[in-house]
Structures are given as structure tokens and as C-alpha cells.
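All chains should be built: construct the whole structure from the sequences, respecting the hints.
Chains S and W supply the protein sequences, listed in that same order.
Using our numbering, you'd call the opening residue of the first sequence number 1 and step up by one each time.
Using our numbering, you'd call the opening residue of the second sequence number 1001 and step up by one each time.
Keep in mind that the hints were calculated from the coordinates and are not lab data.
Any given hint might turn out to be false.
Stretch-level coverage of chain W by chain S, calculated; a stretch enters the list once three of its residues show a Cβ under 8 angstroms from a Cβ in chain S [stated by the list, open to error]:
#1 1217-1224
#2 1231-1239
Derived lysine-lysine pairs resembling DSSO-like cross-links, with alpha carbons at most 27 angstroms apart [claimed, not checked]:
#3 W/K1218 - S/K386
#4 W/K1245 - S/K347
#5 W/K1256 - W/K1045
#6 S/K347 - W/K1108
#7 W/K1048 - W/K1256
#8 S/K333 - W/K1245
#9 W/K1072 - W/K1053
#10 S/K445 - W/K1049
#11 W/K1245 - W/K1045
#12 W/K1048 - S/K347
#13 W/K1072 - W/K1108
#14 W/K1045 - S/K386
Everything numeric in this text was worked out from a predicted model, so none of it was measured.
Note that beta-carbon positions come from the ideal geometry of N, C-alpha and C, so glycine has one too.
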Amino acid sequence: MSDSSPDKPTSPNFDAALDFRSGWSYSEAPESSDYIELDENYGHYIDGRFVQPSKGRYLESINPATEKSLAKIADGTGEDVDAAVKAAGKAFKSKWSGLPGRERGKYIYRIARMIQEYARELAVLESMDGGKPIRESRDVDIPLTAAHFFYYAGWADKLEYAFPGRKAEPLGVCGQIIPWNFPMLMLAWKIAPALATGNTVVLKPAETTSLTALRFAEICSDAGLPDGVINIVTGAGQTGSNLVNHPDIDKIAFTGSTEVGKIIQKSLAGSGKRYTLELGGKGANIIFEDAAIEQAVEGVINAIFFNQGHVCCAGSRLLVQESIADLFISRLKDRMETLIVGDPLDKNTDIGAINSKAQYDRILNYLEIGVEEGAAIYQTQAELPKSGYFCRPTLFTDVGQSNRIVNEEIFGPVLTIQTFRTPDEAVEKANNTPYGLSGGVWTDKGSKIFQTGRALRAGVIWSNTFNKFDPTSPFGGYKESGVGREGGLHGLYPYVHLTS
Amino acid sequence: MTKPSSELISSQQPSLHKAYLPVSPIDEVGVRERVARLNRRSIKKDSKKEALKLALSMIDLTTLEGKDSTGKVIQLCRKAARPHAGMASLPHVAAVCVYPSMVSTARKQLEGTGIFTASVATSFPAGMVSLKQKLDDTRYAIEQGAEEIDMVISRGEFLKGNYSYVYDEIASIREVCQEVHLKVILETGELGTLEHVRKASDLAIRAGADFIKTSTGKIAPAATQPATLVMLEAIRDHYLATGHKVGMKPAGGIRKAKQALQYLVLLRETLGAGWVTPEYFRFGASSLANDLLMQILKQETGVYQSADYFSID
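Structure representation (C-alpha cells):
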């Protein structure tokens, strides 16, 4: 059976622990950001131009690592949304929908190349605006953003091969609402397939992370994309609601919370508008006793501490087989001690700032709930910066399915750990949630991967890895985690009307 | 000590129970990803200066050639004690590593410097001789004055599954060494999988190694970061289970300062501060020293110096 139980102590030094706090350490290694030029105020990008909001109101965009304002962004009103939808409608009819796929593809390829060209600037801006570590914005967010545009650019002139024997017609104007956790990447997930299939777009980025979307608007402009094909209206919930309820919208694509998703679904009922919803999750990460333990520990780190845990498909529930649980948790704690929490622009930072004050308060509230529920809390000793919204990587043990911290999406660097005894029990616990976005299976046995993977009711199952993304792979949820798929060939369907 | 004999080759049973160690599966893809992530650490400013000097102090300055001579070894020992004439504040290297026949020369040169004399033994690098010859080779090196012994394991026996042979072999050399510091070379480049690397590490540690070492430097690949990471994890697990600290020595192919810094990051984030010292970590290298010196001088002066300013011994 398992070799998990550590050997009996043979030395009086048995209490010896690993010391990750003293001795040689890393100096500051900040990515330079002095070349980033930000305007004081940003308007909406409508019909190929930046325009001031109709009622002149602005929202502050805060750098969560410093709590200082970076710029002001327009707070979109119904009139702003209407202007954007009209511009998109006009561009759809007069130009974009009639363009041959090959020509549309050229524009999208050009945008993809320009994203690569400005990759460093976009990564720095993404980290300043959203708090994510530069290591991730530089190595994950922006490269994947470009990859999505490249991928869907390739489909633009091959739709007849995507849907053999049928004709794929664009839908019209797509209203797209994206979250604050992966601002550029979610923009790409939404915009790239819409453009490739001949639709035009009104996109509303999240109010805390609009700056890269506005920089993207400039890139579209420089790429010579026809006016009105992409429109970006900034603002908060009300702006999104105006977009969802606008009568001339043909399709809504939303990524965000399940709570808002349900509201959107209700308001769209009977409207005839198509929609895709990519919502919350509480992904189970299952570690079997025959897993490669060391790599599974690393996988858990990537599953829950990637992007401060602001990941809808995060592996936020750890299910570990009881026979290895003590060993596994002790190794996990040691690994967590080496996570560096701090300045998102420092190249060595593993965990950056929590995206906003509101989210920070929400996470802290869940930490209190967990303690009140009687769970054992463990946090690393990471030093936190004096200002900014930072949260130490956190574990909760001694929890059960009935606890709120196990049921509800926390969207922070907080992991709950439960044990299980048999594979059936693991699957039962994993599926015992209203969500169904992601899951992880760790075992060295190929057969067990497929057996477990098939039984899990979630849209994405990773095995012996976690949080890996690729534009060719469809992504989406079961149950309350969403409707529809984004990415891959499947990601084209929500944007086309198929005729024979 | 009991007289070891070549009969050990066929003895399967006696120590199998202590030698056989089940190993958790190791996913090589995952190991490579972990190494890649650690390689993204950015070592700058004071941290870099400190690490470069630290790396210099961890070198086992090595010459292991058939053409080695007293003249060569004497010059190498001068370099070991005073790596760069222009800089008095530099640390000396940890040890000089030579073949047994060169040990007395090295030992004489290094007397009073604080630098250890290390010798390869056990019919380095292949080790394809009888156990008796290996023991004699080790005894000879120690008689000549070796303070550290770098032995090789019998990879053939290991790959055959004859773990008890390998265990007993290491234990026998350990007995011969007594207080002499024993480094056990696994020759990871011949072991084929990381699971083998882990198993061989566990064997060597349980059989009494003071250090485990990746490679002889005579086989490609020599030291790799994935193999080193797996070995560091074996050391860590042993320490957490017993409180006993074993050292680590990657050897061969580490020529550049940047590589050395990457290894130090692996070390720091796997084992912590307790191992970031020449007492528990060594680099087996010959040309690494000059690149470290060049980078140290770059940090001090802001410019790179010509390679002609650094001694080649």
C-alpha cells in the first residue's frame, strides 16, 4: 500500500523544521513601469473614437497594491450603451458581416500580432490595474490573449469546415460583459470568436479593471479595424444591465458570478437573445494515495493560489485520501511558506494584491465565517506590504460538506481540505455542489484518471495538472457554473446561426 | 569491521528489508514545470552579489583527467585558495577534488587553507571492479590524506534491481571511511528515470552517505535541475523523518554563474536556509569558478572584464 507515513523519528532533533525565512533571500526585482502613460480620464470607445460619457460621470480605477487611483474611467449610462449598440449595428450591416472571412482574419491576425508587440506594456498595466503578479500577467495572461486571437483568426475563413454542409451566419451585435480576474484574457475569449464569425461587439469590462481593455481599443484603432466593430463601454453593474436589456443586442456573453448570471438569465428569458454564461465554481481537486505526491502538492498550489485564487475554475476544495492526508498537508504547508506575497510588479511575487477593497472584505469575511464554523485555519507567515489589499495563503482543515466555506465560492487564496477513504466517496463529495466548472484528479494510474474523470460532473477536468488553458480547448460549466462553451471549435457555435 | 567480500554481489537477502524503499510516483512533467517556475526567480542586486560569493565558496574545484599531474594539481590548489588575485575579500572554494594518486599533492598544498581535499574513489567513474578493489581504492585515498571521498554506486546492479547490493556496497565504503566525509555519486544520467534517482538517493542516504551527488561528470547528461530537485526532496524527507541532515552536490555541466544561481534557488526553496552553506551544498565544477568571478567583478565594477584577467589553472 502507500508509503506515505513518515518514518518514525530516530533522532532527538525530530522537531527540526525547514527554515524559509532566514539566510540568503531575494532582493526586490521590480518590473519597470515608468513608461506606462495613463490619461487622467478615459471615455468610452464607440464607433472608432474615444468619447466622453453622456452624463460626464467617472469611476476611479484603483491600483489594489497601493490603494491609489490610476485613472478615472467613464461610468456608462443607458445613452452611452445605446450609442455603442447603434455603432456596432451600423458596422455590422454596412461592413463587417459582408466582409469575406479571409479579410476578417487579416484584421484579427493583426490584432494578435500587436498584442504580442505590446505584450510587456499590457502585462505591466494588467498587474497595476488588477493586482496580479507580473509573473502571471507576463507568462500567462498576455501570451494566452494573443494565442486566442491567433487561434480564432485561423477560423475566420474556414467556417465552412467548422460546420460542414451548413452555412454559418453571424448573429449581429454581441453584448459582452467580462470579469476582473483575467481582464485581457476574458476580453480575448469574448471578442476573438465574435469577430471571426462576423459579429460586432459592445464590450463592458469590469469597473475595477478597464484600463487594458481601453488600451486594447487603441490597438484595434491602430490595426485599422473598421469603426464600430469593437466598442467598449466602461461602467459598473448598471451599465451591464443596460447592455443586457438593450433591444438591439442579439447575443449576450457574460463571465462573472452565478448570482449576476441568474439575474441576466431571468432578464433574457423570452427576449430571443442568445446567451452564454460562464459563472462561478467550487472545483474539487482530488488527490489519490497513488498520486505523485510532490507534483500534486505543486498542483494544489497552482490550483488555488494562481491569480490570488480569483479563478472561477480554481481547485478551491481539496479532497485528499485519508491515508496520505497528514503527509500531504504537511508538505503543502512547507511549500506554501515559500510563496512570496507582495508587490504585483516584483518579478518574484507569487501572490499579488486582492483585486479590490470589496473582494478583500469579502474574503476576510469568509475567513471569519470559517473560524466561526469551527474549522482549523492555517496561514503562512508571509510578510505583507503595509498598504494595499493582501491576503496570506490560507488553509482550512477540519471542515465538512456542510460548511459554508466548503460550499460557497470565496474567490481568494483560501483552500478547504477534506479527506476521503474510497474513490466513490471522493466523487460523491466532488459532485455534491451546485457548481460544476472544474475538477482535478491526481493519480499515477491511467485507468483511475478516466474512471474518475468520467464520474465528475464538471466542464473541465484536469489530471495531474491544474489551471492549464489553451485556445483550442472548450471551456464551460455544468449546473450553476454556466451555459455554453467558450474556446476551441465549440466556442464558435454561440456566435453563429447555422443554416443548411 | 567485517571483511567484505565479492560474495556480496550475489547476496540478495540479508539487508533487503532495510534497502527496499517504496517510492511515491514521480511525474517528470511536473518536476520540469516546478524547475521552470523556480528558474523564473529573479536574482538581482545584493541578493545576486551574495549568491555569487556563496556559490564560489561551495565549489569542489575539480580535475579528473588521465593527464593530471602534480604540476596541474598544485596550480589548481593555488586557484582554490585565492580564486582571484585582485580581490582579497573573496571566499576560497570548499574543496579540491582529484584522483586518489593526486591526493597527497593536493593535501600538502591545501594545508592550513581551510579547503578540504576530496578524492574520487571506488574505481571512479564506472566502478566496474570488485567490491574489494573499491574498498582498497577508498583506503588508499584516505591513506593519502583524503578528507572527503566521492564514491560511485554500481549502476548496473541498481538497474538490475539488486538494491541490497548497492546498499551494502555504500555501507561497506561508509565503514571504511569512518569519519571521512562520504559523498555518494548516483550518476543520474545513467539511471534513466527520476523514480530511479529518488530510489538511489534514498538508498544512499539510508546506507550512510554524508552527501549525495548527481554525477561523475563523465556521462551526459551530468547534473540536471530535475534530478537535483528530486534528490533535494529525498534529503528533505529524510530530514523531516529523522532530523538528520544530508548534503547535496550537483556535479558536471554547471559552467555558468546563472546556472549556479538557479541551483541555489532550488536549494533555498526546497530545503531552506539550513542547507545554503558549503557544509551542506557543493558544486562539482571546474570552469564555473571563473564565470562566477567574472560576474562578481561585474557587480563590483559595473563592467565585464576580459577573460584574460581570470586565471586558467
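field: Indices of hints not satisfied (ascending)
entry: 1, 3, 4, 6, 10, 11
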